[in-house]
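Chain residues, written in single-letter form:
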Amino acid sequence: MLDPTASRGAAPVILEVRDLGKVYDASNGPVEALRGANLTVRKGEFICLLGASGCGKSTLLRIVAGFEQATQGSVAVYGCEVDGPGPDRGMVFQDYALFPWLTVEQNIGFGPSHRRIAPKEVAKLTEKFMAMVGLTAFADRYPHQLSGGMKQRVAIARVLANDADILLMDEPFGALDALTRSALQEELIELWRTTKLTVIFVTHSVEEAVLLADRVVVMTAGPGRIDCEVEVDLPRPRDVASVEFNALRRDVTRRLTSHIGGSRPVAATADS
Amino acid sequence: MSLQGTVSPQLDRAVATASVATAPTAPARVATRGRGRSLGPRLRAVALAVVVPLGLLLLWDVLVRWTGTRLVPLPSGVAVMMWDFAFGGIYDDAYSGSLPIHFWKSVQRVYGGFFCAALVGIPLGLMIGRIPLLRAMLDPTLSLLRPIPVTAWLPLSMIFFGLGPKSAVFLVFLGAFYPILLNTVFGVKSVDARLFEAAGMLGCRGPQLFRAVVLPAALPSIFNGLRLGASFAWILIVVGEMTGVPEGLGAVIMDGRTLSRTDLVITGMIIIGVTGFVSDRLLVLLSNYFLRWSPQHHA
Chain A
1 MLDPTASRGA APVILEVRDL GKVYDASNGP VEALRGANLT VRKGEFICLL
51 GASGCGKSTL LRIVAGFEQA TQGSVAVYGC EVDGPGPDRG MVFQDYALFP
101 WLTVEQNIGF GPSHRRIAPK EVAKLTEKFM AMVGLTAFAD RYPHQLSGGM
151 KQRVAIARVL ANDADILLMD EPFGALDALT RSALQEELIE LWRTTKLTVI
201 FVTHSVEEAV LLADRVVVMT AGPGRIDCEV EVDLPRPRDV ASVEFNALRR
251 DVTRRLTSHI GGSRPVAATA DS
Chain B
1 MSLQGTVSPQ LDRAVATASV ATAPTAPARV ATRGRGRSLG PRLRAVALAV
51 VVPLGLLLLW DVLVRWTGTR LVPLPSGVAV MMWDFAFGGI YDDAYSGSLP
101 IHFWKSVQRV YGGFFCAALV GIPLGLMIGR IPLLRAMLDP TLSLLRPIPV
151 TAWLPLSMIF FGLGPKSAVF LVFLGAFYPI LLNTVFGVKS VDARLFEAAG
201 MLGCRGPQLF RAVVLPAALP SIFNGLRLGA SFAWILIVVG EMTGVPEGLG
251 AVIMDGRTLS RTDLVITGMI IIGVTGFVSD RLLVLLSNYF LRWSPQHHA
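If you read the protein sequences in the order shown, they are chains A and B.
Number 66 in the UniProt record's numbering belongs to position 66 of the first sequence; there are no gaps in the numbering.
Number 267 in the UniProt record's numbering belongs to position 267 of the second sequence; there are no gaps in the numbering.
Since the hints were made in silico from the structure, they are not lab data.
Ideal Cβ positions, reconstructed from N, Cα and C, are used throughout, including at glycine.
It is possible that part of the hints are untrue.
[Claimed, not checked] Pairwise CB distance ranges, derived in the manner of DEER restraints:
hint, chain 1, residue 1, chain 2, residue 2, range
1, B, Leu286, A, Ala118, 29 to 39 Å
2, B, Gly162, A, Ser27, 29 to 39 Å
3, A, Ser27, B, Leu134, 55 to 65 Å
4, B, Leu119, A, Asp83, 29 to 39 Å
5, B, Tyr289, A, Arg116, 28 to 38 Å
[What the hints assert, rightly or not] Here are the computed lysine to any residue pairs in the SDA-like style, where the Cα-Cα straight-line distance is at most 25 Å:
hint, chain 1, residue 1, chain 2, residue 2
6, B, Lys189, A, Ser27
7, B, Lys189, A, Tyr24
8, B, Lys189, A, Leu102
9, A, Lys124, B, Arg205
10, B, Lys189, A, His114
11, B, Lys189, A, Val13
12, B, Lys189, A, Lys196
13, B, Lys189, A, Gly84
14, A, Lys120, B, Lys189
15, A, Lys196, B, Arg211
16, A, Lys128, B, Ala212
17, A, Lys196, B, Gly200
18, A, Lys120, A, Arg141
19, A, Lys120, B, Gln208
20, A, Lys120, B, Asn224
21, A, Lys124, B, Gly200
22, B, Lys189, A, Ala26
23, A, Lys128, B, Gly200
24, A, Lys120, B, Ala212
25, A, Lys128, B, Gly203
26, B, Lys189, B, Ala212
27, B, Lys189, A, Lys124
28, A, Lys128, B, Lys189
29, B, Lys189, A, Gln94
30, A, Lys43, B, Ala212
31, A, Lys120, B, Gly203
32, B, Lys189, A, Phe67
33, B, Lys189, A, Pro100
34, A, Lys196, A, Val13
35, B, Lys189, A, Glu68
36, A, Lys124, B, Gly203
37, B, Lys189, A, Trp101
38, A, Lys124, B, Gln208
39, A, Lys124, B, Ala212
40, B, Lys189, B, Leu163
So here's chain A without its partners, still in its complex pose:
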């Protein structure tokens, strides 16, 4: 679990999740969505939370984002306990959640324009991040005029423009076609490298997790909990056809499915 590589090991801890638990009060009794989750994330790391539905990965992410309250344990960013959403943790949703009444430009400028920043500065920031995701030509388009991939680029730029420390991504490419998804995966890695962001990325695709992450956190259901963590030491850009990649993918898949096979069906908890 401790990171042996010198460069990342030296980076400060940005996020500390301690013994996190969440119980929902459903109509047919309490549902335990998450139990005893511990996670330490260092600045600049790319973490993937991997698991089947009902494993609590989205719950964990949403608690870190501050959208939901944990029933047990704590989340701290730079040592400060999280109590509600904040601009230090930017979220990218699977269904984009762009503001449909704002143009691409206005969506990206939403965060800065709601802080006391001069309009000129906001425009400069917006321009920079619009260019970074390649949407300058679409500045005046409304979300309904964009493809899914473009919408997700806007959603990412919106968080970057808001100067978030941690980028939280909840199955962000789940609704996209395979070609768009792999293009966006590449772009995301490029953005992550240039901005030196910390990313926590939720996915149920083993390949996606192994392709993107420095560290894959494998989660299992019933109740949702963290099963193990797998370091991915493959050099980037990663080759999905390589022997090493596939060996690692098989290893992660085995850890992921070893629990699903025998014990019990995947519990229907409020994961999504």
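Add chain B to chain A, keeping to what the hints say.
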């Protein structure tokens, strides 16, 4: 139906998923609609729209001639009346050339009441939709008052505001208020919760949310409410002007009834119909402008 009951969570979710599901097809529709609608289809639309009114006029004419009734004038008689009402020079009675003053008085009262209703209804609806405490306090009372027909308020409103235009404005206000309020509340309650989360994680919170998220997201519903409210306002002007005001289209219709001048009554009805139609088109234009981001809401 109470405010609480206007939106069920299931419906809410259904609406949300439906809008997500239709989103990918939207760009194609935008391309064909809105811009560059050529003359041909537009003429066709107008032609299709006038078929039924022309047919009704013809039926009216035939039926009056066939039954030989003297109680209902022919369309041509009403046309002459309408000309005289607008420009005078034919009958030269109390109503000749008096359309502008009646029209102007009614328009003032309708829009006076309507704007008051919007001014109170929209902010109140935004707050009731967003603040549970306020909803718990106001919802039962509003649900209790709402089923009371506006016409039932007539005697009380005459006591409150006396005989005259104020009473008419009050009735118009009451009639327009509920559709505006209820649609605003509905709009606020159906805002996708994700949008609040998105605004929250971007650092927008508290009162800022009203202007940044609640108002724009509820705007489609608010415009629905405004359109309904405006049509109710025109319906109620006739009732409102029964309260003893000398001028106004409603007063003219009431006078026509007492004087057995059916041509005058029908003239008043047609003018109210046309004005209501035009004012609704204006609202649609406004709505299309403010909702240009939402192809589903273009009318």
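So, going through the hints one by one against the coordinates:
no.	hint	in the structure
1	B/Leu286 x A/Ala118: 29 to 39 Å	holds (32 Å)
2	B/Gly162 x A/Ser27: 29 to 39 Å	violated (55 Å)
3	A/Ser27 x B/Leu134: 55 to 65 Å	violated (27 Å)
4	B/Leu119 x A/Asp83: 29 to 39 Å	holds (38 Å)
5	B/Tyr289 x A/Arg116: 28 to 38 Å	holds (30 Å)
6	B/Lys189 x A/Ser27	holds (22 Å)
7	B/Lys189 x A/Tyr24	holds (23 Å)
8	B/Lys189 x A/Leu102	holds (20 Å)
9	A/Lys124 x B/Arg205	holds (24 Å)
10	B/Lys189 x A/His114	holds (23 Å)
11	B/Lys189 x A/Val13	violated (40 Å)
12	B/Lys189 x A/Lys196	violated (39 Å)
13	B/Lys189 x A/Gly84	holds (21 Å)
14	A/Lys120 x B/Lys189	violated (35 Å)
15	A/Lys196 x B/Arg211	violated (34 Å)
16	A/Lys128 x B/Ala212	holds (23 Å)
17	A/Lys196 x B/Gly200	holds (23 Å)
18	A/Lys120 x A/Arg141	holds (21 Å)
19	A/Lys120 x B/Gln208	holds (21 Å)
20	A/Lys120 x B/Asn224	violated (36 Å)
21	A/Lys124 x B/Gly200	holds (23 Å)
22	B/Lys189 x A/Ala26	holds (22 Å)
23	A/Lys128 x B/Gly200	holds (23 Å)
24	A/Lys120 x B/Ala212	holds (20 Å)
25	A/Lys128 x B/Gly203	holds (20 Å)
26	B/Lys189 x B/Ala212	holds (15 Å)
27	B/Lys189 x A/Lys124	violated (35 Å)
28	A/Lys128 x B/Lys189	violated (36 Å)
29	B/Lys189 x A/Gln94	holds (22 Å)
30	A/Lys43 x B/Ala212	violated (32 Å)
31	A/Lys120 x B/Gly203	holds (19 Å)
32	B/Lys189 x A/Phe67	holds (18 Å)
33	B/Lys189 x A/Pro100	holds (17 Å)
34	A/Lys196 x A/Val13	holds (14 Å)
35	B/Lys189 x A/Glu68	holds (20 Å)
36	A/Lys124 x B/Gly203	holds (19 Å)
37	B/Lys189 x A/Trp101	holds (17 Å)
38	A/Lys124 x B/Gln208	holds (23 Å)
39	A/Lys124 x B/Ala212	holds (21 Å)
40	B/Lys189 x B/Leu163	violated (40 Å)
Checked against the numbered hints given earlier, this structure breaks hints 2, 3, 11, 12, 14, 15, 20, 27, 28, 30, 40; the rest are met.
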